[in-house]
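Engineer: Residue-level listing of the chains:
There are 2 protein chains.
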Amino acid sequence: MEKRNLYLNNIPAEEAVEIYRKALKESVDVSYERIPVTEALNRVTRSAVYAKYCSPLYNSAAMDGVAVRADITNHASEREAVELVIGENCRLIDTGDPVRPPYNAVIMAEDLVETTDPDRFRILASAAPWQHVRPIGEDIVAGEMILPGGHRIRPVDIGVLLAGGILQVEVIRRPQVAVIPTGSEIIEPGREPREGEIIESNSRMFENLVTEQEGLPHRLPPVPDDYGLLRQTVLKAVREHDMVLVNAGSSAGTEDYTVHVLRELGQVIVHGVAVKPGKPVILAVVEGKPVIGLPGYPVSAFIGFQNFVIPVMDLYLDRDRQPAGCAEAVLSRRLISSLKYKEYVRVKMGKVDEKLIAAPLARGAGAAMSLVRADGFCIIGQNREGVEAGETVEVELFRSLSEIEHTVMVIGSHDLLLDVLADLMPSLHPHMFLSSTHVGSMGGLMALRRGEAHVAPVHLLDQKTGIYNISYLEELFHEPVLLVKGVKRIQGLIVKKGNPRNIKEIRDLPGLRYVNRQRGAGTRILFDYLLSENGLVPEEIEGYTYEASTHMAVAALVSSDGADAGMGIQSAAKAMDLDFLPIGAEEYDFALYPKSLELPHIQAFLDVLQSREFRMKLEELGGYDTSGIGEQILIHGLC
Amino acid sequence: MEKRNLYLNNIPAEEAVEIYRKALKESVDVSYERIPVTEALNRVTRSAVYAKYCSPLYNSAAMDGVAVRADITNHASEREAVELVIGENCRLIDTGDPVRPPYNAVIMAEDLVETTDPDRFRILASAAPWQHVRPIGEDIVAGEMILPGGHRIRPVDIGVLLAGGILQVEVIRRPQVAVIPTGSEIIEPGREPREGEIIESNSRMFENLVTEQEGLPHRLPPVPDDYGLLRQTVLKAVREHDMVLVNAGSSAGTEDYTVHVLRELGQVIVHGVAVKPGKPVILAVVEGKPVIGLPGYPVSAFIGFQNFVIPVMDLYLDRDRQPAGCAEAVLSRRLISSLKYKEYVRVKMGKVDEKLIAAPLARGAGAAMSLVRADGFCIIGQNREGVEAGETVEVELFRSLSEIEHTVMVIGSHDLLLDVLADLMPSLHPHMFLSSTHVGSMGGLMALRRGEAHVAPVHLLDQKTGIYNISYLEELFHEPVLLVKGVKRIQGLIVKKGNPRNIKEIRDLPGLRYVNRQRGAGTRILFDYLLSENGLVPEEIEGYTYEASTHMAVAALVSSDGADAGMGIQSAAKAMDLDFLPIGAEEYDFALYPKSLELPHIQAFLDVLQSREFRMKLEELGGYDTSGIGEQILIHGLC
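Sequence lines, in order, name chains S and B. 254 is the number that UniProt numbering gives to position 254 of the first sequence; each next residue is one higher, with no gaps. 3 is the number that UniProt numbering gives to position 3 of the second sequence; each next residue is one higher, with no gaps.
Errors might be hidden in some of the hints.
Any copy, or any two copies together, can satisfy a pair, since identical chains are not distinguished.
Listed next, the in silico BS3-like pairs over lysine-lysine satisfying Cα-Cα at most 30 Å (straight line) [said to hold, decoys possible]: (1) 340 to 22; (2) 355 to 504; (3) 340 to 279; (4) 485 to 22; (5) 496 to 355; (6) 355 to 497; (7) 279 to 25.
It is worth saying that the hints were derived from the structure and are not from the lab.
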């Protein structure tokens, strides 16, 4: 009687997977390919993708109406209408049209009072500069990160990538999985089976399971029970694919052949696992590639696939298997909503102090990037006037909860280095993420105090001492708070290429068009300080009230001729190919509570901050001094 | 100044969807196509699919070993070994091989004691008839329903369909969705945009959203702002597709064109909805087909798609949008599990008396149909010896909870009409389902009492009175219980085609091979009654202890020459092309608690039972008398 093969192992499933994945670690790796963005649905990015163009690409009308120079409307009122004449002091404009100099504001069609002359209108209120104008880069700024590495591409991402000028993207290659049915008694579907014959169907189940798991299946024709033929087929399949599944059929002795063939060709790591049904599984490595022998009974085959094939496919796909869903979260800020609408608010999510926090993002319909950045939708019913801060809301998640829970929530001053940190986090510390929201230094400290952020990046100049950040923390906090030193960065004036207005210092700004940063931004505080040092007042600066919310937005406005100068950092000027006049170095640090140091993702954040990879990226960007990065100063430590 | 279009409506999203779907109801319908099973992943079946072949197709070995006649082993014991000689009184057999007469049992290789002669073994214990034999049709019985209509095809279903001899399947056709980007200022990705130009990206987002939603997208080239051209493009698109999306771009006045074009070509049902962002949506009908105008801002476009395009695609796809997930359920029966294994138990789920119940299904690895029938997996950890009945377990769901909650749980005696009911339920009453488990009449009544079933189908003969079912209910229940009259069905002997053994009555059975039904089955009770009426005792019937659990399994065994005769219903004999000797009509009724009448799915069940469609299907099957169907008899009503 022929020798029967006994199962050597009875290893628990989890242990078997671990041993097997360890055995494959040396030889199995993620690989990448470049594909058109239009074909990238559900593929996973290799590395961060940065925008090539701004969106909008120019200052554009946000409404249908007329474009005007805001100053000519200054005195318009109910009692004293100002007359607008198309082609003379205004021009017709539709949503999306460029707003070009000398025009700098849009008046909505609804606010125009018609006259008997179709080219003449009257207005009864003044227009603020830049009203109803979407500034260049409002949605996407050239050079800005659109998607981080390791991101699964959704339909909305495809739209934003194309809008940002990206046509191709590098993504994780899908593993090619050969499926080999075996057994002399199996026949292909379509022929009437005779007694002793079995219709081969498992391989078709495997094909479709592989497809569902985002692999590329390749089913081979059934191999009869012939040792030499099986050996040859397996070897060929191993060489032409990333992994191989050998299915025993329900056949006689085939499984014995399989394990012997695999022992001859490579190494059998596990044979037999403590799973029922599904015990007779073979986990082998041949020429560095995984070859998995699955039992013939269909239920065992299915369970074997779930337990062992998917975790190996995960190695090729660098995949974390977490479904999204819904979650309840505490709203970080009050949301006012109209009773007229059911409103979809995009939110950023994070877990701070054991509470899941939902922080509303930009609400404009044009902000496609808000969809890309959002962790979910918070839907406010039409019958509600809004939601108070601190109320619990239901959020439809776009990312898995586990990912959200391992995300460092950074809220505060903007710097490009935050994009770099967000990109490096998951590659240096798998399953750890960073998300940042840009509200300026003071806004960030407020969010930190409210328990909405883990980390607040700050660059606040004490105008009395000339020392950065410390006195602000001392004053705003009454409990211990940590200042982790970040970078010294060169602040200066961003001006057009070649500096056509010949700007040399702050004193040259009156008479030119300036673009400012929003209230609370460190850059704005520095600018105020410099104005007063130079004996100037805000009223002398045209555009002092024209606020952009990021360095890149300032650079984009200067680049598009929306302004002659703005204050910002060197990397933003460099990214937009503009000139930069250094004014001085400022200190961009990170505030956080000492208790946060216990969190693994905060530890990962501090580690990435001091990593060689991060310093190298900053050197590439230019304009940073990283000496002393990561040093910690405890404030109110004795309270 | 050109005329601007004002939004006419500010309808709540839900209301807008309802109005629009109502307007489309006349002209939009589900259509079907026939495709190869191998390409049917994720497609939805039109109607029930019935198996062509049995699986296994013949009585087959469930183990490697030798095939023997059980009777020659009768006296084997530790003290008195029986010798087996290959080729003389046994033959070598491997798992899956046919077990042919005269052999009727398999002895495992492990139980064979080797001798010096490789062709001789000794055995130290007797073999029971049919031990380690998988009877024909154990997994799938020819003529049995494999999938109900409206079922979404999974990889495991593809395997079972092919194993059951099905090569093609009729499924719901996917809607073809044209996507038309519009606007003179938009350019295709790949060209450097100039001021005033916008890269067209929304249509690419739509394409991928349509794909994600299982439609077939067809993106058309951008249409400039030209009334006539837009009109012509929309009309052509409507004629060549199932639905059309017109995207405004961020363009000037385009939207005005769109609504005017749609008013000219058809009917604008809704223009403007109370959703923010996403107000300017147009819901129109042109030549009976849905044409949806979506706003140009990407966020509005995305939200418009979610709110309005998906519900219309649902009309074409006849789709209920419910994700599966996990659920906690009460285990209906004790499960013993080995500490040696992590065990995957397939369960049927249902909600009875506000409790979610998980009832374990067949545990064999060969039972592919148990995967198809299962509503989920209950995973028992390797460190557990089992789970008690009534304990709460976590179930990984294959079906949505909402579907499970609207399912009539039928447990009891088997009849093919249950498959017919299961197939008719969701087509006559959308979102109402029926699932049946076959444990015989008494088993069903026990399940009803334990609160595991809604309905127990019974055909239990009172041997004293000759009346069916009533006395059993009176005795087993002590509270009011309802008997809903079902069908009278002809029971008889199922014999081979042409009746080669010339069987005429029960008295002819001694000396022939009979296949019995399991204990508690109504057919078995009838058989026992007939035996005693004919002055016979069970010991005179060969195969009295050989139990099959369904009528079809009995028919399959007779068909495969596993037995000469078995008792069963005419439809089973007809399905397997066998002869049938009528013995008498029996009453197959349904027991349920009166309180269940409040459930909508029980109402649906009673309605289907009395429907014309159901009666017509039974006539096709033959062997049923449906007079009086649906009449209710209340038992213990006065308690």
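Engineer: It remains to establish, for every hint, whether it holds in the given structure.
Structural biologist: Structure-based check of each hint:
no., hint, in the structure
1, 340 to 22, "between (58 Å within a copy, 23 Å between copies)"
2, 355 to 504, "neither (50 Å within a copy, 78 Å between copies)"
3, 340 to 279, "between (60 Å within a copy, 10 Å between copies)"
4, 485 to 22, "neither (39 Å within a copy, 63 Å between copies)"
5, 496 to 355, "neither (46 Å within a copy, 71 Å between copies)"
6, 355 to 497, "neither (48 Å within a copy, 72 Å between copies)"
7, 279 to 25, "within (24 Å within a copy, 52 Å between copies)"
Hints 2, 4, 5 and 6 from the list above are not met by this structure, while the remaining hints are.
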